[in-house]
Amino acid sequence: DVKVTQSSRYLVKRTGEKVFLECVQDMDHENMFWYRQDPGLGLRLIYFSYDVKMKEKGDIPEGYSVSREKKERFSLILESASTNQTSMYLCASSSAGENVAPRDRGEQYFGPGTRLTVT
Amino acid sequence: AQSVTQPDIHITVSEGASLELRCNYSYGATPYLFWYVQSPGQGLQLLLKYFSGDTLVQGIKGFEAEFKRSQSSFNLRKPSVHWSDAAEYFCAVGSEFSGNTPLVFGKGTRLSVIA
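Heads up: the protein sequence lines correspond to chains L and V, in order.
Residue numbering for the first sequence follows the numbering used here, starting at 8 and increasing by one per position.
Residue numbering for the second sequence follows the numbering used here, starting at 1446 and increasing by one per position.
I should point out that these hints are in silico values taken from the structure, not numbers from a laboratory.
One should not assume that every hint holds.
Stated by the list, open to error - Within a straight-line C-alpha distance of at most 27 Å, the following computed DSSO-like cross-link-like pairs (lysine-lysine) qualify:
#1 L/K60 <-> L/K25
#2 L/K10 <-> V/K1552
#3 L/K25 <-> L/K77
#4 L/K64 <-> V/K1552
#5 L/K64 <-> L/K20
#6 L/K77 <-> L/K62
#7 V/K1552 <-> L/K62
#8 V/K1506 <-> L/K10
#9 L/K78 <-> L/K64
#10 L/K77 <-> L/K10
#11 L/K10 <-> L/K62
#12 L/K10 <-> L/K78
Claimed, not checked - What the simulated footprint calls covered on chain V by chain L, stretch by stretch (three residues with Cβ under 8 Å from a Cβ of chain L suffice, anywhere in the stretch; the number is not a length):
#13 1473–1487
#14 1491–1498
Said to hold, decoys possible - Residues from chain L shown here face chain V by an in silico Cβ test under 10 Å; the list is partial:
#15 V11
#16 Q13
#17 N38
#18 F40
#19 Y42
#20 G49
#21 R51
#22 L52
#23 F55
#24 G65
#25 L97
#26 A99
#27 P109
#28 R110
#29 R112
#30 G120
Glycine residues also receive a C-beta, built at the ideal position from the N, C-alpha and C atoms.
Extracted from the complex, chain V is given alone in its bound form (with noise of 0.2 Å):
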């Protein structure tokens, strides 16, 4: 069965320093994999996604994650926070083959941000 796992529940960083979500995927075929984030009392939206090729994914609002095979990982990255990225993040796996099956969630990072 597919899974998610965000280790990190809540992370703090100082705005302008370099921010690194983490998150596991348990997936038996190759797997789409998807970062979305949610500002306070919104809905989610994609930052980006992995589904095939180069391996290093660019995102919006300067975000970047890197799909590593070997460690079953998509970390999220970004080199410098601002205030306005302090939000809940979520990762989630599918497959090319998902067709009418929903993705599989991990329960989410919540990135709070200090001056």
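Isolated chain L, as found in the complex (with noise of 0.2 Å):
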């Protein structure tokens, strides 16, 4: 069964804090994907990497940074915690390359997510 992990559901910070928002797949991906989902906006991807130590920048990466040492881990970074942070964080992984059968192209699996709030 696939499987995406999230480190915390639920985190609370202080402004100006460094926060690390840890997410693992099992599934042997090569993409893997951080959103931030706010009422009425949907999910906003944030960051994406599709191999290890590569990353590609989303819709809204601005006080974001991430990390992808490790095919199955993608960490996600605020360097310094705002309150307008303060979000439904989603991770999410998916297979690639020819390999991949196409009726399983393009889907993705998601985690539980992670709520944060920035005080």
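Relying on the hints, combine the two individually framed chains into one complex.
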């Protein structure tokens, strides 16, 4: 059974703190993604990675950075947390490449989410 | 550029009534289309997907969706809604060649179910 796990379900941090959100997948997927979700705005892509040590900016990368040192792990870093980063953060992964069957291409598997509150 | 529009922000239906959630997409090639469901406080779960072949796709929990290329739509349907279907629903589009590119998601439709 495929699985994406996130290090915390709920997190409360103070303004200015450095925050790490961890995501681990056990499906040997090449691609990993970080989204934030806010009411009325849907899912907004922060960063994604298509290989170890590779990263691409999404739609809203400002104030965030990422790290992918191992294939199964993708970390989201808030260098100096601010109250406007209070949100639900969702991690996802997907497979890529020529070996992927057509019916499996593009499908993203999501973790349970981390609700971050910055006070 | 790819885009997805879910015109309805919030829909309320009675338990046992039928349901249709709308999704329109913009994409230049043959799309891969997905519907995800998110229960309160949870991550997203795949309901169904279309990638080729039969345009009527069956999914989990009794849901189905129909791909209509001429209308650029992929509407989600269920003949009889249960209270446990109350959730947020997201439509997404990708492509056979998306490879390393992310899916594009709509903003979601929140479904409320009343007795």
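Each hint tested on the structure:
no., hint, result
1, L/K60 <-> L/K25, "21 Å, holds"
2, L/K10 <-> V/K1552, "25 Å, holds"
3, L/K25 <-> L/K77, "21 Å, holds"
4, L/K64 <-> V/K1552, "20 Å, holds"
5, L/K64 <-> L/K20, "24 Å, holds"
6, L/K77 <-> L/K62, "13 Å, holds"
7, V/K1552 <-> L/K62, "24 Å, holds"
8, V/K1506 <-> L/K10, "20 Å, holds"
9, L/K78 <-> L/K64, "18 Å, holds"
10, L/K77 <-> L/K10, "16 Å, holds"
11, L/K10 <-> L/K62, "22 Å, holds"
12, L/K10 <-> L/K78, "14 Å, holds"
13, 1473–1487, "holds (count 5)"
14, 1491–1498, "holds (count 4)"
15, V11, "8 Å, holds"
16, Q13, "8 Å, holds"
17, N38, "6 Å, holds"
18, F40, "6 Å, holds"
19, Y42, "8 Å, holds"
20, G49, "4 Å, holds"
21, R51, "9 Å, holds"
22, L52, "6 Å, holds"
23, F55, "5 Å, holds"
24, G65, "7 Å, holds"
25, L97, "6 Å, holds"
26, A99, "8 Å, holds"
27, P109, "6 Å, holds"
28, R110, "5 Å, holds"
29, R112, "6 Å, holds"
30, G120, "5 Å, holds"
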